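These are the residues of each chain, in order.
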Amino acid sequence: MCCALPVVACVQMESKTILSLFLSVSLLGCIKGETNVEQGNREGVLHFGNYGEPQGVDPHVATGVPEHHIIGALFEGLVQKNPNSLAIEPAVAERWTVSDDGRVYTFTIRNNAVWSNGDKVTAADFEWSWWRALQPALASSYVFMYFPIKNAEAYFNQQLTDFADVGIKAIDEKTFRVELDAPAPYFLQLLDHYALFPVHRLTVEKFGEPDESYTRWTRPENIVSNGPFLLDEWRLFKYLSVKKNPNYWDASKVKLNAIRFYPIDKQTTEERMFRAGQLHRTEEVPIDRIPWYRENRPELLKIAPYIGTYLYRINTGKPHLADVRVRQALSMSVDRRRLIDTVLNGLFTPAFSVVPPGLLGYEPPDVFTYDPDKARQLLSDAGYPGGKGYPGLEIQYNTHEQHRKIAIAIQQMWREELGINVRLQNKDWKVYLDDETTGNFDASRGGWIGDYVDPNTFMDIWTAASGVNRTGFSNEEFDRLVLQQAPNAKDHDTRLQIFQEAERLFLEHMPVVPLYTYSSKHLAHPSVKGLYSNYMDYYNFRYVSLVPDSTSGKPN
Amino acid sequence: MLRFIVFRLLQAIPVLFVVISATFFLVRQAPGGPFDAEKPVIPAVKRALEAKYNLDQSLFQQYLSYMGDLVQGDMGPSFKYPGWAVQDLIASGFPVTAELGIYALLIALLVGTSAGVFASLKPNTRQDYIPMSVAMIGICMPTFLLGPLLVLVFGIWLEWLPISGWGDLPGDKILPSITLGAAYAAYIARLSRGGMLEVMSQDYIRTARAKGLPEHVVVLKHALRGGLVPVVAYLGPAFAGLLSGSFVVETIFQIPGLGRFYVQAAFNRDYTMILGTTIFLSTLIVLFNLLSDVIATWMNPRLRDSLRGGPQ
Amino acid sequence: MSEALDVNADVIANEEHGISLWADAWRRLKSNRLALGSLVFLLSLIVLCLLTPWLAPYGYEQQNLELGATPPSLAHWMGTDVFGRDLLTRLLYGGRVSLMVGFIATAVALFIGVLWGTVAGYLGGRVDTLMMRLVDILYALPFIIFIILLMVVFGRSVLLLFMAIGAVEWLTMARIVRGQVQGIRQQEYIEAAIAMGLPVWRIIWRHVVPNTMGPVIVYATLTIPQVMLLEAFLSFLGLGIQPPQSSWGLLISYGAESMEEYPWLLVFPGLALASTLFALNFLGDGLRDALDPRASKD
Chain A
1 MCCALPVVAC VQMESKTILS LFLSVSLLGC IKGETNVEQG NREGVLHFGN YGEPQGVDPH
61 VATGVPEHHI IGALFEGLVQ KNPNSLAIEP AVAERWTVSD DGRVYTFTIR NNAVWSNGDK
121 VTAADFEWSW WRALQPALAS SYVFMYFPIK NAEAYFNQQL TDFADVGIKA IDEKTFRVEL
181 DAPAPYFLQL LDHYALFPVH RLTVEKFGEP DESYTRWTRP ENIVSNGPFL LDEWRLFKYL
241 SVKKNPNYWD ASKVKLNAIR FYPIDKQTTE ERMFRAGQLH RTEEVPIDRI PWYRENRPEL
301 LKIAPYIGTY LYRINTGKPH LADVRVRQAL SMSVDRRRLI DTVLNGLFTP AFSVVPPGLL
361 GYEPPDVFTY DPDKARQLLS DAGYPGGKGY PGLEIQYNTH EQHRKIAIAI QQMWREELGI
421 NVRLQNKDWK VYLDDETTGN FDASRGGWIG DYVDPNTFMD IWTAASGVNR TGFSNEEFDR
481 LVLQQAPNAK DHDTRLQIFQ EAERLFLEHM PVVPLYTYSS KHLAHPSVKG LYSNYMDYYN
541 FRYVSLVPDS TSGKPN
Chain B
1001 MLRFIVFRLL QAIPVLFVVI SATFFLVRQA PGGPFDAEKP VIPAVKRALE AKYNLDQSLF
1061 QQYLSYMGDL VQGDMGPSFK YPGWAVQDLI ASGFPVTAEL GIYALLIALL VGTSAGVFAS
1121 LKPNTRQDYI PMSVAMIGIC MPTFLLGPLL VLVFGIWLEW LPISGWGDLP GDKILPSITL
1181 GAAYAAYIAR LSRGGMLEVM SQDYIRTARA KGLPEHVVVL KHALRGGLVP VVAYLGPAFA
1241 GLLSGSFVVE TIFQIPGLGR FYVQAAFNRD YTMILGTTIF LSTLIVLFNL LSDVIATWMN
1301 PRLRDSLRGG PQ
Chain C
2001 MSEALDVNAD VIANEEHGIS LWADAWRRLK SNRLALGSLV FLLSLIVLCL LTPWLAPYGY
2061 EQQNLELGAT PPSLAHWMGT DVFGRDLLTR LLYGGRVSLM VGFIATAVAL FIGVLWGTVA
2121 GYLGGRVDTL MMRLVDILYA LPFIIFIILL MVVFGRSVLL LFMAIGAVEW LTMARIVRGQ
2181 VQGIRQQEYI EAAIAMGLPV WRIIWRHVVP NTMGPVIVYA TLTIPQVMLL EAFLSFLGLG
2241 IQPPQSSWGL LISYGAESME EYPWLLVFPG LALASTLFAL NFLGDGLRDA LDPRASKD
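Protein chains in written order, with our numbering: chain A, 1 to 556; chain B, 1001 to 1312; chain C, 2001 to 2298.
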């Protein structure tokens, strides 16, 4: 019906009866009627802004944030996090025990855990699924999540061929045992990552080899999953919808009937869709838009500290950046508070460390602060008094509004405080990555989001062999602290002290300029309950419900 | 005429061959690969991925096997969305973009030619300036500006029309079609005005006038045919441009079209997708350029006569 | 900018030499008040942009973070952006970039396109086929990859910016010119010129090219704003100017992102582009009318 409308519209424009064009358009307005949000509230369907088109929903192959939300609705691991407190709670496993040395975990799988086709979820399912994830040919991006498990890395690298040697074992139908190389206090958190979710063996094998990725087993008509929701419909670049799984063990408590995930890569589009009542919740909020919401509709704005650090990598391999004093000068001369309060609308928290504060009680070392006088002194000591003789440097960033704004402000700060020449260069994402990986940069904007709540996820990336490092920083003492001492620490406090020592060492070398700790920012309609703000920006759709209140379905 | 068309279609084969081959080797030279990410995959995984997509073979071997598959109609899986074959993705995106492009072009033609022809009848008067100025809004307002503006006015403030989607809610096709058509309307208005003025001073129009034919007959029967030749010549590239250039509109309005695939494939270094969309679009470009040449020839009396004897 | 001035200088110089076509054209252009007004407007805009470093009230990179984005005021006639930078200043500096890119890149496209299209259209046959199929091929290559590769090979320079834009824009120009020339080729006066044994280049230059000028000028005036916006897109790819410098295209695209919050950041750059475009358009029409060879017979 609507296909013919634009033509009608322009015929009318042609005959210059613009009035009738407006009439017909306003008529359309009338038939348009209910918004997604109003309809969703009535039918129990959550309309969820989801950043990008998911590459796929195979838990062992997926990598991104959009996939994360969807797979979390479709599958369930042994344990999961409480969406409010992030405490570990039972999921497929109803209970577990940990050996005294912290190396052996024994899980008991609940009796009523079933797949969506009615099959029971067994310990063998986990054993087979984890075996599958460790097949090199599957090329699972998050396979390193398995590496705390005994011999898992060796098996993956084919130094070991017998899977029986890996610390993964189904003892009986309901008992599943995992043995670690060394105690890893964050191991239970890993179990809630999709890389360690179970998949349904018969279904996977029906549509291809176990180690074959992106086969048809994940299509809506084929997939068998064990989470609170089922894959219902997948319309590329439009939406992906899931519906309630009646066979889920806790189905009686699941309140939503369905969720529609919209892949929206443009923040301004997403925000306008939200305002037009087409979305219940957005993945992002454009920074320029924040003040308006703060003033007019603060109840819709959900901002919370987020486990991530925004930083500039400094290429320590470049002669004019090799001197640690230059790098320290660069870091100390950035007024983070002023940057955040002005350009970034006060959204984030200044960072003077790479590990965000408060990870399982971890407090970062106090190494430096904003101190322009000291920065000038350091630069002068390095042989460039007042910036004289300094060849200048280039900041590279991938094309993005926020990165551009930050770079412009920092460019000016470095110029004014240090008297050095700073150029900016934006690059398309892949060129930016390529230049960063090959060391073809001076300073490069970067960020890191923790994979789990533990300092380790922010520390092991700076070891010499890490692919994320990309600064040229390489320090044996640091590597030893992070890779050997911390995992074998005798207790939690000692472990934190080791990390603190490692981070102090790292910050003294200053291969990165930490700028701020992230905040997650979303818009959520008042009818949405149970999407809690937390440090991981983690949701569990099991607990989400839609409670329409007396106010209208539109947020504005 | 038929010979001319067959001749041109035969020429398309080497053109497409060069386009495919050049694109194949060019995209591999661009920095960054399809599997590069902020958090790089561990080397063993990367090797496995490369083996899976034959990236471990020599470039020439890959080229040969790609061409071999292509001849059988297989463009391979997309690197970014490996669950789908490139031809399936194109098949899902093209109808949407084509529909959008047709509406946009219709709007552009109707608004553009009427403004241009109307203006050309009394050049340098108010009858010229006003319609031309209106038509030019489309160029002053680039798509990335007009789209959000229409969204704000008609979607958010007046709440008349949906602001995203395609075929999901009634009326959601109106704003994107107008947005995409506006820029082309301005071009067409300018071209048709220029073409009409050119023709109106030609001898055969003077003759027609001298014969005492009424002005509307002169304009509609004689002048339009020649006067719109530049517009027709422009239509071929314009439609092809609409298909690949609908990216911005598709992004603003959340439309699952080919324009987004085409642009995002380049940014993602999705080699097979870049090639697939390029092959598809270049075939269309060749066809549309041919079509517009045929129509232009038909509309130009002298050329038509010369072509009766075949091409040269 | 200088190219555009040269064109006018050419027109004037040719008048002095008494070449009738150009002299005629100039005389007729002078009598078209709207076109003349537009010419004066464009010239003063060019002068204004040339003098910007002396005229601008602030530095284009001078920030005042605490001030932030403010609407127009006495101190800042066009308001400020989120960095507290004066928009008027940035608009003037941006105009330098945009006008230069617009005119030079269009001139490049014009030159290649007219030359290519004329030769193809005039010679016809195999040469035409070969030349136009090459145009088809270039049309079809993926543009973004093409630009990224250009940057890899040649580095990121302003010169490359002109080349990249010219390389894209000339294609349509060539097609339009070829279509025109094919028609002209069949005209009696060309056949007469051939019969008289005039050399080919002379026929092309004296009889064919002037007759294609109408659509070419129209298309060129349309290309200039297009090119100014293309420049903004290319700078998102990393080619072209980088912050803190700016251009009208960039100011408009950033303005569009925050049009609800800071409308002035969109309105003023938008007006600058629109008024330039209108002036170009009227001037283009005036030139077209003035250069119409048949009109000169009157």
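Any given hint might turn out to be false.
[As the list claims (entries may be wrong)] Listed next, the stretches of chain C that the computed footprint assigns to chain B, with coverage defined by at least 3 CB atoms under 8 Å from CB atoms of chain B:
1. 2037-2043
2. 2051-2063
3. 2078-2087
4. 2176-2189
5. 2255-2261
6. 2267-2276
Simulated from the structure, these hints should not be mistaken for lab results. All values derive from a computational prediction rather than experimental measurement. Beta carbons are placed, not taken as given, at the ideal position from N, Cα and C, and that holds for glycine.
Each hint, compared with the structure:
1. 2037-2043: violated (count 0)
2. 2051-2063: violated (count 0)
3. 2078-2087: violated (count 0)
4. 2176-2189: holds (count 7)
5. 2255-2261: Satisfied; 3 residues make the cut.
6. 2267-2276: holds (count 3)
Consistency note: the structure conflicts with the earlier hints numbered 1, 2 and 3.
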